[in-house]
Structure formats: structure tokens, C-alpha cells
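Protein chains: 4
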Amino acid sequence: MTGNILGERFIVISFGESHGKCIGTIVEGCPAGLRISEQDIQKELDKRKPGISEIYSSRKEEDKVEILSGVFNGFTTGAPICMIIWNKYFDSKLYEEYRNKPRPGHADYTAYIKYGGFNDWRGGGRFSGRITASFIMAGAIAKKLLNETLGIKIYAYVIEIGGIKAKIEYTEKLEELTYSNDVRCPDYDAANKMKEKIISIMKNGDSIGGIIECLIKNVPVGLGEPVFSSLESDISKAIFSIPAVKGIEFGAGFNVSKMLGSESNDAFIIKNGKILTEKNNSGGILGGISNGMPIIFRIAIKPTPSISKPQKTIDLSNFKETIISIKGMHDPCIVPRAVPIVENIVACVLADHAIRYNLIPPVIKKEK
Amino acid sequence: MTGNILGERFIVISFGESHGKCIGTIVEGCPAGLRISEQDIQKELDKRKPGISEIYSSRKEEDKVEILSGVFNGFTTGAPICMIIWNKYFDSKLYEEYRNKPRPGHADYTAYIKYGGFNDWRGGGRFSGRITASFIMAGAIAKKLLNETLGIKIYAYVIEIGGIKAKIEYTEKLEELTYSNDVRCPDYDAANKMKEKIISIMKNGDSIGGIIECLIKNVPVGLGEPVFSSLESDISKAIFSIPAVKGIEFGAGFNVSKMLGSESNDAFIIKNGKILTEKNNSGGILGGISNGMPIIFRIAIKPTPSISKPQKTIDLSNFKETIISIKGMHDPCIVPRAVPIVENIVACVLADHAIRYNLIPPVIKKEK
Amino acid sequence: MTGNILGERFIVISFGESHGKCIGTIVEGCPAGLRISEQDIQKELDKRKPGISEIYSSRKEEDKVEILSGVFNGFTTGAPICMIIWNKYFDSKLYEEYRNKPRPGHADYTAYIKYGGFNDWRGGGRFSGRITASFIMAGAIAKKLLNETLGIKIYAYVIEIGGIKAKIEYTEKLEELTYSNDVRCPDYDAANKMKEKIISIMKNGDSIGGIIECLIKNVPVGLGEPVFSSLESDISKAIFSIPAVKGIEFGAGFNVSKMLGSESNDAFIIKNGKILTEKNNSGGILGGISNGMPIIFRIAIKPTPSISKPQKTIDLSNFKETIISIKGMHDPCIVPRAVPIVENIVACVLADHAIRYNLIPPVIKKEK
Amino acid sequence: MTGNILGERFIVISFGESHGKCIGTIVEGCPAGLRISEQDIQKELDKRKPGISEIYSSRKEEDKVEILSGVFNGFTTGAPICMIIWNKYFDSKLYEEYRNKPRPGHADYTAYIKYGGFNDWRGGGRFSGRITASFIMAGAIAKKLLNETLGIKIYAYVIEIGGIKAKIEYTEKLEELTYSNDVRCPDYDAANKMKEKIISIMKNGDSIGGIIECLIKNVPVGLGEPVFSSLESDISKAIFSIPAVKGIEFGAGFNVSKMLGSESNDAFIIKNGKILTEKNNSGGILGGISNGMPIIFRIAIKPTPSISKPQKTIDLSNFKETIISIKGMHDPCIVPRAVPIVENIVACVLADHAIRYNLIPPVIKKEK
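Residue numbers (our numbering), protein chains in the order written: chain A, 690 to 1057; chain B, 690 to 1057; chain C, 690 to 1057; chain D, 690 to 1057.
In silico DSS-like pairs for lysine-lysine, Cα to Cα no more than 27 angstroms straight-line:
{"#": "1", "chain 1": "B", "residue 1": "K854", "chain 2": "A", "residue 2": "K854"}
{"#": "2", "chain 1": "B", "residue 1": "K968", "chain 2": "A", "residue 2": "K790"}
{"#": "3", "chain 1": "C", "residue 1": "K886", "chain 2": "C", "residue 2": "K998"}
{"#": "4", "chain 1": "C", "residue 1": "K1001", "chain 2": "D", "residue 2": "K906"}
The hints are simulated quantities; they were obtained by calculation from the structure and are not laboratory data.
Turn these sequences into a full structure, and let the hints guide you.
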């Protein structure tokens, strides 16, 4: 019953429902003395805002963050930071039909059984993609903390949608390129093709899946607590909390199954006075601990389950098979909107490990 | 610093080093009244024992389990169950060469930096594959607990090694077929080809990776605590604690990136009076909660990093590049030996969630 | 940095500051299906409201609870329940003087050092007695949960203030008598004397301490997880989170130091077909586990540190000794207002243990 | 079901039973690079060894510690440290009589109910005072860690037994005086009277209780995580894990109930360039955080429940009242033997908080 808490030192507590009063987060354990404002958090939130593109859900929400506690005079105080966005524009009536007809691919059925029918089913309730706004609010703090204390930079971007693969150039412009198009893919040619495909699938009442890659630079050696809190363990745990994720792979990933040890092993070399590895098949993590190379991983996102095409389901009120067709405007492809979520939830994991390994002190800097 | 503890209710604590006195586990939180014997645990341990095949490491260890606490008159008491196997036959001298020359693909370098050189480097110490014996001891209890209280059955098996794919038939004989050959692959034709390939690569001083699939039957609806303790989150966290795992995917996994929503969604149907899904692309988990269908996932295992072929590395004593060639007999392919580890660590996760969801009571049955 | 979270299954997360936007709580892990309303919570909150008596702090606050999440159609959903009260009427100017002059007996100095001066010092910030409102909001849910599922009843009351001792009669009217006077002492003669004493001390610019007793009835046998989560361990941990508590004793308490074993031991007897103990020196807890007898404990509360009498302190801005005199209206005796706090925070501990021991299921009752 | 784990960063896991194979501890989270030997641990263990005085239990046990993991070349490695003492000389037959006749004042009855009769009842099993040996093994490491990194010193000593009060002089010789007599009381006159009283009570088949004080010097400002992990909260939680403790008070303790605020408040002063408090009624803790003054607290220990005098109890086999007389040689007064237990378990709590507050780094010193 305690799935809403993540982390040991930098702790994220998520609350709120899609059609309830608000979506909120508490960050517990953030060091005191980090300069933070609602603008810092808003900047990240705006990246996943609905309604900003024709290929996004058309729900109109301002998603304006309000900090309720833990920040004073522009700095974190060391106390729990509670942040919320208010839900304003939603229509729950649409969902009454689904109440007894679980939508395939959604959590309707499992939530109904697990919570004995008491769960808030409006808009998917606690299982809506909208709850990832709480990951972003926490992550915005984590990102700033990591960047200001350790110089860590986190980039996520779409590398594949519906079979269309992007060609990624690992340049300084990665972030800029990613966020300057609504597919969140830094390869513009691929991005255009992806968008076309999404639109055509959307028109057909269907949806499509894809793959996101995440690259993290300037990670110090030593993050990750083996055995069970290895960096891969804790990153994957957080990533699978994003709805619709069905797979994760680090470095060479599933390709290792075809590799020889002599291909897979990353030789150690010295470059500019630093110990590096020649390749990075390990994805920056060895024995569960960061090795100073960029951390790199990829995640598979399934197609949005909400489609207007008719689907078979069950009517729980009479225990009979029936047909459902999901109304309303849903993202035809959730992949682009998941990009900032990946960045921010991973930031929370890294902040947690950085504090666990004493790389970030309890007070960022003394007051003058 | 707390990576050696897994779980919230069925808690596994792993300890011991490859060339220390012993490898051990504590299970904390096992309900009282489960009939358990050293034989029950030995049966699982024997599945990963070294030295039982020409394609396994030739280290001779009896790996005989000793229960130190928590079991009385043949039943668990509700107190912590400590189990150990003693390390007997090892030669640490071989490893002195690697002390300052981190082996590529191993944790030598990251452990050296993280623990300031104080880590036990003999045989990989705490990062040796041998520590997975502690997962098995705990898992043996979890497996029995799950089976006796809920009828849950867990099967893992090799589905691919070095590009050779097996054809799996999901019959009752899956477990028997898996464990009757030393490649742990239920498809005998594929198993023979895999073994040939492993032996030829071994002769060449190299190693090879592969893929394991895990299938779990009779899982009740409702296991998994969303958001951050979703069943996928907690299974992946545990799986990435197995050395050499680089990827995991549930159900349709990475293939969802090419699917339409209408293909990916599993329609609900009624069969024999039970609610099922027509397909199982979700891998038995919806919204982080088990939906009553078989849980199915696949994991990628990298080639054993210990190869006799010369590799580039660094001499940490003089900070210069150097060459290393790993001596001794190592598993040329770790994949088969990881099969029982997957089964047993996943059992621990499921036992934890079953207790969290009150499906297993604090006392299995009252004493007569 | 994680002091704001209590419990393992019924988890309380406290947030907010005395002069910030709000005081809030999240309850994570409350079973689904408990009927709960803002009125249920308000009833408990009103018991500690400031300004309702001449011997209470005169801060005017409505303290009206708002449930932000986790309750739907009048029932808990199994999701995190976030509750807040908004801070409305406060004047932080008064506190500017104390910013550099730590008030003796308060957390000003230790908080300043620990948080590097970044802590919110207004009104004591996170260390104000006002944060106990968050305990009450959580406790209101716990109390209702315990009462409706197990019939547990929790009573706290003042038994001593400034040396004046009450005579307690353990009747059915205990709660009614306690809350019908503003000293929260069920012995009316003593209550009158206590009130007189408090008023005379208040006029003299001073404050006074006292003792609260807590009695818990209908506790089933078996609550408490030895060794480190014994019921005494977890109750005392929670109780010492109430500001101003300096001691706790269970059953015969400190008197055991003068007792013989033959006096101290509680003989087992059978009464009305039930196993009881003849006396209750153990306070209802044996080996850290509830034994079915009423749980009884007493706690010592120090005098309110805020007094108008001049006191020596340090000016942190110039590191010199100085004199401080606390202005404003503070409770001259915090003891009466701590009574509902004790009841409610103990309810959280018992709810946590009842869920850990499976006495309360994940869903209270199935929806019809 | 998880009562055997204490702490968040310096984590103690206790296991073993009185008449099982061994008593053991794991310390998880101890920084790497602490020089530690079995002798260091033995020194602390010897302080609570049975059989070393006529007023101690006559059970003959060598209690020789064996380190099973986590220490390499004389230093901690950062891996879990498992330590055990083997049980050798015990006679369980004596206890068969009590199996169905719960001993008053013991956990026999509550354990029987909670664990459905599956608990190991021999010698009290998991509820025996003997399990405190596991606290000492962990504490020996914590003590050394605290002393070598922060200079912290912990003293416990008897201040009252059966109404005889000691006069404590807070000199440098406190530890020496305490451990040079078997009553563990630094006031020799009082110690002699206490011993006489204990012997006379013992001859009478009875037992007696007392009070222990604990004084901790050189604690830095800032330990303790408010609200729920205040230093008082976490110390009291650990202390109540010691069997027979029925009360704890910090600083002025229960006397605050009679004090005025002007008496109770500790004025801040400057002495030798340091900020101190004039008195120490707070016991070194303000707002749950250490204030740099000595931490001081007192705990009440009940008389040993095992007495040879006949007592009423229940025969669980036929649900009838009966009489029991405890045979064998038991400590007539457990108070002296609890002294080192208090010191060592408190050390674990302080080590945990020191690591949480980053005062102790993950590696004590780099290897040369």
C-alpha cells in the first residue's frame, strides 16, 4: 500500500488524481540552501503540458505550479517541499461509461479489483498519465540540485516511433533540438516523418508506440549502492513507474545477447589525464555503480491504450462481454510527452544517490 | 550504503564475499508456520552450483546450506532466517594481479573508487557472481511460500544465446525440460547448438551473452503497489541486482514501439467463468498491478567479462595503460547459471507483494 | 533529512510551516473503503484549535481542513490522502527580533545551525507546536479506522499540572469529562485548581509543565513487532515527535525501579473465559507485543518555552550575550492542548501495526 | 513483521535465538576504512557476559565473536558486516515446563499468540535477554566509528537499584569506576549497598529493578531529523528494544511537570568562545536536534521476571489457572548487565544520525 513514495534520501511522494482537486508532490530530503522558484518548476512542467500541439491531448489545463511549503525567501529550507497544480478543466461524465467497462490496456480492471471498486475512476484517477506531472515537479528540483552541485546534465529524446528511427548526433544542441519540435526528436527529418505517421494513425482512430533514449553527462564515479540499489535497479524502478513503459535497456542493452565478451567489454583507457572506457557498452554503469562515462539507456513506450476503434471488453455489472470505443481527444502517441517525464524522474533517482553517497551536503551553502 | 536489503515485508538481506568466510542471507518477515528444511533450500542452490558442467566455472564448492536461525522444529518461527554457505575452495592469489588492474566489464574499477580501495577485491569480493547464491537461499523460501499459499509457479529458461534462438513450448514439462540440460534451454535442438557454440567460443578464450525468459503462472489479480512500487518496478529493480543484466522487457516489450494501439491492447474476454485477456502483450501487468494472466518478461545477459583474450586496461598503481589477460576457469557463458537466480529473486519480489497485499497471513496455519 | 515520515504501512507525512501557506499531512497506505469526511477530521482538529480558551494561545485560526486527494464519494480510495489547513492570521514581524536571538527552550538555535540559517524562522517555522495539527489530521483517519475495524478506543487526559495531581476514575465518561473542561482533566476539582494555577503563572509572565496519561482499550493481542519495532518503541518514537515531551513511561513506569519481581510481574488469570493479567504493571505490552490488557502510558510535557520574563540568550549576529523577552500571547501551559495530539499520533502508530499484522485488510468492505 | 531492523544509514539487523545455533548481527551501511578487529567487539561483549559475577546469570558462555563478512585486512570494506557468537552451553529441558505455562512478566504468552505457537520458546527464544548480545556487536562498531571520527564518548551507569540512589560525580573516571564493580555503579558506597540488597533479594527467590543513566559527550550540534526522527524519538525507539525497559526521560525528564518555564528553559551563554547552555534541562536536545551540550537520559528497568517464588499463570493446554515457579539461575537484577547494552545501542542510533547528517563520510580515509 506504499507505492507512492520513491527514494531514500531525496524522497518523492506523489498524490492527487486526474479529476480530483489537484496533482501534487512532496519532496522530502532536499538539502537546504538551493535557490528555487515556481518559475524553475514551471519551466519543466510546461514541457509536458497538454494541449500545446495537435498531436497532444486537447485537455486544456494551465498546470501552474504552486509551492505550498519548504521554500522560504527563494531557497529550500530543508523541510518538505509540497507543490501542487490544480485540476480545472475536465469532464468526468465521459468516463461514467467506462466505469463498468474496463478499457483494454488501461488499469481500470486491475484497480477495480485491487481497491474493491473504491478507486477514483474518473479520468483514470490515480492511474492517469496526468499523475506524471508530480514526477516533473519533483524532478525540476532534482535537476537543479544536480546541475548546480555536480554539473550533471540529463537529456531525453525520442529515437523511434512506429518503426521510424532517428539518427542522433550527440552534440551540445541535443536539448535545444529535442524541445524545438513537438515530437521531441532531435533528428528533424525523422521528426517530420514521425509526426506525419502519428497524424495519419490518429485519423484512423488508432495510436502508436516508440522508444526514448536518455543520456546523462558529467556523472561522477561512485553513484549506485550495490547489490539491490544498483543504479540500474533504481533507475529502472523509477522508469517503470511511468505508465506505458514496457522495457528498459542500458548501454548495449539487448544486443549483448549476440556479443562476444571481447566485443562487449569496454577497455579502460587514459584520455586527458582521466580514466575512461574506449566504448560505452556498459552504459556508464559497472557493477551497479557509475563509472564516470555517460549513462545511457533506452525505454520502450507502448501505444496510448485510449483509441476510438471499437474493442472487446467486459461489462462488470453483468459479467458479459461487450464492445467499447474510447471517446474524447487523447494523445495518439504518448512518446513525445514522456520525454520530460523520463528526464525528471531520473533526476530524482540521481539526486537520491548523490545524497546517499554524500556528494551533496545537507546545506548547499551557508547564508551570508 | 544500503544496497544489500531488498523488499518491505519479505525482506532479503545479502552478505558475504566470494573469497571471504561465507555467502549468507537473512530473510526477515517470512510468516511463521511455513514448513521448511535445508533440503528445500539445497534443491534450489544445487541448480546454480559451479563445477557441474564443462561449460560452468570449475570452482569446486559444495555450497551446502546451513540454517542458523528462524527455523524451529521444521517450521519458520516468524523470526529472521539466517542461512549461509561456507566458502572452502578458492585461490585468491590469482586475483592479486588484477588488484591494480581493473578487469574490463567488471566492477573492479568502480568498487575501488567508491570504497577507497578498502573493498575486498579477492574473486570480485562483493561483486562476484557468487553472491547470487544469497538470492537463491532467500528465493527458495519465497518460492515455497508462494507455492504453498497461492499455488504460484515460476519458470525461467534460456531463449537465446549468441544469436541462436529457442522455440519455447509452454507445456507442463517446461521446468523438467529446462533443468535436464546444462544450457537450461527447454528446446533441445537449440540447446545442443547453444552448447556447441559456447564450447567453441570458450576454446577461443572468449565468452558469449544471451536472453532468459521468465514465466509466472497462477498469479492472483492485485499484486503490485502503484505508482513507484508497481510490479514492473519492483521486479526490474530485483532483476538488475543480478550481475551482467543489461535489459528487461515485459510482455510485448520493445516490440510495442512498432505496434498500433489496436494491436497492443489486450482485449478482455470471459473464459470458463473467468476474466482473461485475449492476448498477453501486457505481460500480465496492467497499471503496475497483476491482472491474473501469466507474468512474462525477458532479460538480456551480457557475456562473462572474464576472458583470457588480452584486453586493454589501466594500472592504477602508476596510472598507465596496460594489458590484462584473465586467467583461471570462468563460465564462458553465464546465461544458463542465471536461470535459477532469476526464478528465485523474482520469487522474493512476489512474496513481498503478496504479504503487502495481505494475501499471505502472518501465521500460515495454527499449530495443532 | 527524512524526519517528516512516520510508519511503514499507515504512513504519515507531515509538511508546512507555522507562518507559511498551510499545514498539511499525507496519509499513505490507508485501506480503501473507509467512510471519511472533512467533518470527521474537523472534529479532532477542533480539540486543539487555538483561541478557544483564556489559557490557550490567542492566535485566531479557523483551522478548517480541506481534503485534497484520496477520498472519493465519501470513502477512502487506497490512494494517498492529502489534507491541509490554511494559515491565515499571523504576524511574522514579532519574530524578526528572535531571528538572531535564539529563544531558550526553543529549536531556534539548533535549527539555525542544522539548516545553515535557511530554515523558515517565522513563528518557529517547522518547529512550531502548530505543526501538530498535521498529526491530528492523520490521526483522525487512524482513529476512525481503528474504531470501525477493531473497536479500539483511545483516551488521553491531563493527570498533573505544576504538581497538582488529578484522581482518575476509569469510567465510560472519561472522554466526555476530559473534553468538557479546557484543562482536559477529567477530575473537575483538580481541573479547577490547575486552571487557577495556570492563570496566576500566566499573569506572572511564566509558564508551567505537566503530565498526560493515555489509555487505550480493546487492543487485540499481537500488535507490535519485536525487537526494534516493539509497540513501546514505536509509540515512544511517535510521542517524542510532539514538541516539549521530555519523558514517557509505560504501565508501572519508573516505579519498577523500586519494585520486587514478585510485585512487578502481572499474574495471568482467566476471567469471563478470557486470559487477562491480574494487575497491569506492564501497561498492556509484554515483550513489545500487546497482551490484550489496556495499554497505558504517561508522558511529561515541559513548560511552554515562550515566556515574557527576560531570559539570557546570544545575539548570533555579533556573537554576544544578550537578553530576550518573548512577546505575544502564548499558551501558558501547553499540556491541555497536547491531549488530542497524543490521542491522534498514537492512533497512527496503532493503525500502522494493525495493518502490518494483517488485522485490517487492504479494502475495508466490498462496494455493493 | 520487520522488527529486527534498526536505522536508516547505519543499519542493525539482529538475528538468532537464545537456544538456537547462534546470536548474530549484521551492520549494513558502515563506512569503508574503519579499522576494526574481533578484539574491539569482544571488549564490549565481555562487559555483558553471563557468569562473571555471583549476581549474574550463571549460564556459561564464552560469547566469542566471529566476524563472517565485511571486514578485510583489518578494515571495514563498506559491505555488510555479519558477526555471530555461537550458543554452546544451554539446557532447553528446563523450559519445556513453561511451554504451555507462560511466565508472568515474560513474552511467552504474547509470542505464543502472535506466532501461532511456532515461535522458538526455548530459553525465551527471540525474546531472551541474550539477544541483546546482537546490539552489543553492532554497537561496538558504532562506538569506534563515532569515537574515531567525531570524538564522541558514551557512558552508561547504574544510578538506582531497589530505591538505593547513587551520587554521580561527572569526572573523567566515570567509565573506569562504572566497570570496576559488578553493579556497574560508579558510586562505590551505593554500589556496595546495591549488591547487598540484590543478594538478599536473590536468596529470597525474588528480583529487583533499577535506573540507568546515560551521558554522551562531544556530540556535535545538528544530530537528529525532526519531526518523527528527532534524536529523542530515535533514541527512545532503540532503548525500548531492550527487554525490561519501562520508561525513559531526557534531561529534567518527568520533573518538568513541576517546573516553571523560567526554571526549565536553559539560557544560552558563551563560554570559551563556544555557545553553551547554562543548565542542561533539555538533556542536550532542542527541537529534536542535538545542541552541543551533553546528551543525558535515564531509563527504568523492571525486575527480572524470572523468579523462583510461585506465581499464578495459565495452562494453555487445558485453559486453566495454575502455579509456576521458575527454576534455574537467573540474574536477580538485570540492571547492571543492561549498562553496556544501553551504551552500545545508543551508539548505533548516533552513528546512524551522524551518517544521515553527512558528518561521517562513506570512506573514512583513503588507502595509502
